[in-house]
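Trainee: Could you build all of it, start to finish, from the sequences and the hints given here?
Protein sequence lines, in the order shown, are assigned to chains A and B.
For what it's worth, our numbering labels the leading residue of the first sequence as 1, then goes sequentially.
For what it's worth, our numbering labels the leading residue of the second sequence as 326, then goes sequentially.
There could be a bad hint or two in this list.
DEER-style ranges, computed between Cβ atoms [to be verified]: (1) 571/B to 64/A: 17 to 25 Å; (2) 137/A to 341/B: 45 to 53 Å; (3) 442/B to 45/A: 36 to 44 Å; (4) 476/B to 62/A: 46 to 54 Å.
What the hints contain is simulated information worked out from the structure, not anything from laboratory work.
No residue lacks a Cβ here, since even glycine has one placed at the ideal position from N, Cα and C.
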Amino acid sequence: MGEKLLLQVEDLHTYFYTLQGVIKAIDGVNLCVREGEILGLVGESGCGKSVTALSILGLVPSPPGRVEGGRILFEGEDLLAKTPAEMRSIRGSRIAMIFQEPMSSLNPVFRIGDQMIEVIKLHKKVSTGSARIQALEMLHEVRMPDPEAVLAKYPFQLSGGMLQRVMIAIALSCEPSLLLADEPTTALDVTVQAQILNLMKDLIRKRNAAVLLITHALGVVAQTCDAVSVMYAGTVVESGSVESIFRSPAHPYTRGLMECIPDPSRKSDKLKIIPGTVPDPVNPPPGCRFHPRCYKATATCSQIRPDPVRVGPGHVVCCHYPEEG
Amino acid sequence: MNMVTFVSRRLVAMVPVLLGVTILTFLLSHVIPGDPARLLVGQKASDEVVKRMREELGLNDPLHIQYWNYLKQLLRGDLGTSIRNRRPVVQDLAERFPASFELTFVSLFICVIIAIPLGILTAVRRNHVVDHVTRVLALLGVSTPVFWWGLLLLLIFYFRLGWLPGPGRIDLAVPPPAGRTGLYILDSLLSRDWRALGSSLRHLVLPAFCLSYVYLAIMTRMIRSSMLDVLNLDYIRTARANGLPERAIIFRHALRNALVPTVTIVGLSFGELIGGAILTETIFAWPGLGSYMVDSVLFLDFPAIMGCTILVCLIYMTANLVVDIAYGFLDPRIRWG
Numbered sequence: 001m002g003e004k005l006l007l008q009v010e011d012l013h014t015y016f017y018t019l020q021g022v023i024k025a026i027d028g029v030n031l032c033v034r035e036g037e038i039l040g041l042v043g044e045s046g047c048g049k050s051v052t053a054l055s056i057l058g059l060v061p062s063p064p065g066r067v068e069g070g071r072i073l074f075e076g077e078d079l080l081a082k083t084p085a086e087m088r089s090i091r092g093s094r095i096a097m098i099f100q101e102p103m104s105s106l107n108p109v110f111r112i113g114d115q116m117i118e119v120i121k122l123h124k125k126v127s128t129g130s131a132r133i134q135a136l137e138m139l140h141e142v143r144m145p146d147p148e149a150v151l152a153k154y155p156f157q158l159s160g161g162m163l164q165r166v167m168i169a170i171a172l173s174c175e176p177s178l179l180l181a182d183e184p185t186t187a188l189d190v191t192v193q194a195q196i197l198n199l200m201k202d203l204i205r206k207r208n209a210a211v212l213l214i215t216h217a218l219g220v221v222a223q224t225c226d227a228v229s230v231m232y233a234g235t236v237v238e239s240g241s242v243e244s245i246f247r248s249p250a251h252p253y254t255r256g257l258m259e260c261i262p263d264p265s266r267k268s269d270k271l272k273i274i275p276g277t278v279p280d281p282v283n284p285p286p287g288c289r290f291h292p293r294c295y296k297a298t299a300t301c302s303q304i305r306p307d308p309v310r311v312g313p314g315h316v317v318c319c320h321y322p323e324e325g
Numbered sequence: 326m327n328m329v330t331f332v333s334r335r336l337v338a339m340v341p342v343l344l345g346v347t348i349l350t351f352l353l354s355h356v357i358p359g360d361p362a363r364l365l366v367g368q369k370a371s372d373e374v375v376k377r378m379r380e381e382l383g384l385n386d387p388l389h390i391q392y393w394n395y396l397k398q399l400l401r402g403d404l405g406t407s408i409r410n411r412r413p414v415v416q417d418l419a420e421r422f423p424a425s426f427e428l429t430f431v432s433l434f435i436c437v438i439i440a441i442p443l444g445i446l447t448a449v450r451r452n453h454v455v456d457h458v459t460r461v462l463a464l465l466g467v468s469t470p471v472f473w474w475g476l477l478l479l480l481i482f483y484f485r486l487g488w489l490p491g492p493g494r495i496d497l498a499v500p501p502p503a504g505r506t507g508l509y510i511l512d513s514l515l516s517r518d519w520r521a522l523g524s525s526l527r528h529l530v531l532p533a534f535c536l537s538y539v540y541l542a543i544m545t546r547m548i549r550s551s552m553l554d555v556l557n558l559d560y561i562r563t564a565r566a567n568g569l570p571e572r573a574i575i576f577r578h579a580l581r582n583a584l585v586p587t588v589t590i591v592g593l594s595f596g597e598l599i600g601g602a603i604l605t606e607t608i609f610a611w612p613g614l615g616s617y618m619v620d621s622v623l624f625l626d627f628p629a630i631m632g633c634t635i636l637v638c639l640i641y642m643t644a645n646l647v648v649d650i651a652y653g654f655l656d657p658r659i660r661w662g
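Mentor: And the structure:
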């Protein structure tokens with residue numbers, strides 16, 4: 001893992017203009033992904049994880065969505081300043097993405113081979129024959145049984161796990177330096193989840209590529225990632241290495257999330273929860289967005305938005321009263 | 326499952342439907358009041374003659390024997406003799422069918438080549454000017470009766486401006502092109518009869534436009550909405566995330582998926598139009614099946630009515646077969662399912 005920054009998201013704002021009002025889906029997100037690093041982006045549904053990934057790729061559905069501010073620096077270039085054509089040449093080649101639902105993420109009327117070859121030909125400017133050979137190699141690398149036969153199959157003839165392998169094969173076929181993985185195992189059977197995660201990790205390490213792994217499962221983060229950023233209601237509330245965050249979570253929200261993981265050794269009767277619900281994105285609470293649900297909240301929390309505070313090496317938290325140890 | 330099995334399965338499935346149709350048309354001719362024998366020999370004939378005719382037609386046999394005879398006759402390609410003009414119904418249909426086929430084919434062709442690009446355009450430029458204009462035109466097409474358009478078009482382009490010819494398939498002064506198909510465009514092309522080609526094309530313009538407008542409106546709106554549906558699906562997002570150009574996304578990835586509902590409409594419209602373009606055929610004096618059917622009904626010409634019904638059913642089923650095959654080509658899930 002290098003120390004060089006690959007992706008730097010600074011103060012990103014992405015809003016959706018709806019009839020109900022302006023939804024500030026992302027309201028000041030800061031992220032850093034180093035070369036070769038796997039960064040987990042964690043948070044509850046609707047906190048803006050997926051929109052962050054789509055903003056990076058320039059794929060926020062517009063209308064109603066729009067990136068309203070901030071900078072997205074990728075290998076030193078500001079992606080928000082790119083033309084649509086320049087973004088197209090980056091998508092799929094330098095930054096690739098895989099999605100939550102492998103079953104619906106491939107076009108049902110084209111063969112697997114055609115869909116793989118199309119992308120390889122587009123970015124690598126090679127002949128169909130050589131694109132086919134590369135597609136076969138990729139399928140082999142994602143440990144697909146009988147790759148030759150799979151090329152001729154249609155998506156509906158494969159299982160969810162197999163399709164996610166195909167998605168990974170397509171995503172990595174053009175050697176991206178960054179992979180955005182949006183809940184890649186959520187739709188899969190538990191038995192397959194670990195296989196896919198391990199496969200992804202292996203292939204990424206081999207290529208020295210970086211991953212932004214979006215998930216709501218802390219277990220996945222602990223197993224797969226090097227660093228974590230925790231999102232809450234459109235902002236990143238805490239980030240740091242996996243070790244330091246799991247050992248000493250500093251934000252009350254992060255701590256709450258950890259406590260929600262059931263511990264079989266402590267046979268308490270009830271599962272732990274964080275009281276309250278995710279705030280209304282049209283009218284978010286003032287000050288710290290988490291304060292209505294926070295047991296430590298004071299008057300300060302409801303008025304002033306907390307700035308990032310360093311609580312350890314590379315460990316930053318946005319809280320007026322960070323937890324100790 | 327390969328294409329041959331797929332098609333032969335569909336063909337086999339047509340047999341019971343056709344049998345059902347023959348039973349229905351047969352019963353129809355026996356339920357409707359009126360004595361075919363009396364109709365054949367005329368009102369003034371004596372009872373003796375009617376009785377002999379009944380015997381001759383086998384009308385005194387039990388119903389199932391009559392049906393069996395009817396079926397045998399049908400299998401020989403004999404649809405009986407028209408009461409109205411004493412000609413074999415098959416011969417009448419052979420003359421009328423090409424006229425209807427030509428009109429329907431050209432109308433639907435116009436529909437498809439305009440509706441697909443327009444549907445895509447209005448989907449991609451949703452809520453822009455093109456979309457709003459198309460929406461108004463489509464509403465106009467769906468809500469205005471065909472005969473009104475027909476009369477208006479004749480009034481403007483034939484009577485007032487004189488740009489286009491009036492009723493009929495071809496100018497009276499121009500001899501119909503020589504050929505076997507009865508399709509004037511095809512025949513005149515094959516025999517290089519440019520005069521007949523020009524005349525029959527000019528005669529086609531108004532009725533074809535009139536007939537296609539309603540379907541054009543429906544199809545454009547349908548392609549628009551299925552394109553919009555498809556463009557929101559996950560695999561389109563994947564295609565974008567893979568950096569595919571918008572052109573490839575719309576024309577390759579989205580259009581093929583959006584075409585399935587459109588193909589259904591085209592197929593059904595074909596069946597509907599070929600025997601159902603009654604108003605258009607009447608207004609433009611087009612010698613097709615629709616006007617023939619109306620005349621037959623007015624004369625209680627049972628053999629002709631039954632012949633038409635069976636022919637239209639056959640066309641419907643063939644159109645559906647073609648639609649099924651097209652599905653198989655467009656969507657592998659249907660071919661293999």
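Trainee: Does each hint hold? Answer for all of them.
Mentor: Hint by hint, here is what the structure shows:
At roughly 19 Å, the beta carbons of residue 571/B and residue 64/A sit within the given window of 17 to 25 Å. In this structure the supplied range 45 to 53 Å holds for residue 137/A paired with residue 341/B, their Cβ-Cβ distance being about 52 Å. Taking the beta carbon of each, residue 442/B and residue 45/A are about 40 Å apart, inside 36 to 44 Å as hinted. A hinted range of 46 to 54 Å for the beta carbons of residue 476/B and residue 62/A is consistent with their spacing of about 47 Å.
In the structure shown, no violation is registered for any of the earlier numbered hints.
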